[in-house]
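For reference, the chains in residue letters:
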Amino acid sequence: MDADALVRDYLGRLDAAAMRLPRERRAELEAEVRDHIEAALEESGARDEVTVRNMLDRLGSPDEIVAAENAGGAISGAGSSGTVAFDPSGAQTVARPAAPGWGAIEIIALLLLTVGSIVLPFVGPLLGLVFVWLSDRWNGREKLMASAIVLVLLILPLALFFGASTSGGLNGPQVGPAATAGP
Amino acid sequence: MDIAGIALLIPIAGIAAAIFLVIALRRRRGG
Chain P
206 MDADALVRDY LGRLDAAAMR LPRERRAELE AEVRDHIEAA LEESGARDEV TVRNMLDRLG
266 SPDEIVAAEN AGGAISGAGS SGTVAFDPSG AQTVARPAAP GWGAIEIIAL LLLTVGSIVL
326 PFVGPLLGLV FVWLSDRWNG REKLMASAIV LVLLILPLAL FFGASTSGGL NGPQVGPAAT
386 AGP
Chain C
4 MDIAGIALLI PIAGIAAAIF LVIALRRRRG G
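So the protein lines, in turn, are chains P and C. Position one of the first sequence corresponds to residue 206 (our numbering), numbered consecutively onward. Position one of the second sequence corresponds to residue 4 (our numbering), numbered consecutively onward.
You may find that some hints are simply not true.
Not close to chain C: a few residues of chain P, all C-beta gaps over 12 Å, as computed [as the list claims (entries may be wrong)]:
1) Ala210
2) Gly217
3) Asp220
4) Ala221
5) Gly265
6) Asn275
7) Glu311
8) Leu331
9) Ala369
Not the full set, but computed from the structure, chain C residues with beta-carbon under 8 Å of chain P [as the list claims (entries may be wrong)]:
10) Ala7
11) Leu12
12) Ile15
13) Ala16
14) Gly17
15) Ala20
16) Ala21
17) Leu24
18) Ala27
19) Leu28
Note that these hints are calculated values from the structure, not bench results. Ideal Cβ positions, reconstructed from N, Cα and C, are used throughout, including at glycine.
Excised from the complex, chain P in its bound form (with noise of 0.2 Å):
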């Protein structure tokens, strides 16, 4: 198989792997990723069938590309606002993971902290928080700060609720000076 017959097989695989996208969206990314493989191939000053299969990996395969586009809208490249990362310096063409977005994870997490803390009270927000730890979209220092909002706002004035009860702020017993008066 020549070069052009790869491109072109790479191209006809990346259609339909994009046939879920909309049509103005699939057109597009196909005139992205031509220009991109067409570039890298200039880059790279040769055309022969195994330039054109390194330079296919690296792209990355056109299941991976539609996923990326699927997922995040772009494929980003660094300092560009294509949708195919493009390094010229080696013709490096490279399919990115796209920004992390929403997941069903991330969903139930928001949804156990809001409406579950108005109807499962302290279970809602915990069981929340559980599935914010699960999630991989946010990072540590965002699920530490999460934690403790959750966790300062419940756990501070249960702990003053508890502290004052104990103590007799509430119900506790009535100790006064007329207790301890004899006659």
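Based on these hints, arrange chain C on the given structure of chain P.
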């Protein structure tokens, strides 16, 4: 702090954490 105050703080805690997480995620996607 009475029961009503604690009951009010539960959703406030959850919603505050949810707002923080939404902002964090949107900032990363936008940035």
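Okay, the hints, checked on the actual structure:
1. Ala210: At roughly 38 Å from the nearest Cβ of chain C, Ala210 (chain P) sits farther out than 12 Å, so the non-interface label holds.
2. Gly217: 32 Å, holds
3. Asp220: 28 Å, holds
4. Ala221: 28 Å, holds
5. Gly265: With a cut-off of 12 Å, Gly265 (chain P) remains clear of chain C, as the shortest Cβ separation is near 21 Å.
6. Asn275: It holds; Asn275 (chain P) is separated from chain C by about 14 Å at its closest Cβ, greater than 12 Å.
7. Glu311: 7 Å, violated
8. Leu331: 9 Å, violated
9. Ala369: 7 Å, violated
10. Ala7: Constraint on Ala7 (chain C) not satisfied, violated at 11 Å.
11. Leu12: 5 Å, holds
12. Ile15: 6 Å, holds
13. Ala16: 3 Å, holds
14. Gly17: 3 Å, holds
15. Ala20: 4 Å, holds
16. Ala21: 4 Å, holds
17. Leu24: 5 Å, holds
18. Ala27: Since the shortest Cβ distance to chain P is 5 Å, the answer is holds.
19. Leu28: It holds, given that the least Cβ distance between Leu28 (chain C) and chain P is near 6 Å, below 8 Å.
Going down the numbered hints, you'll see the structure goes against 7, 8, 9 and 10, while the others check out.
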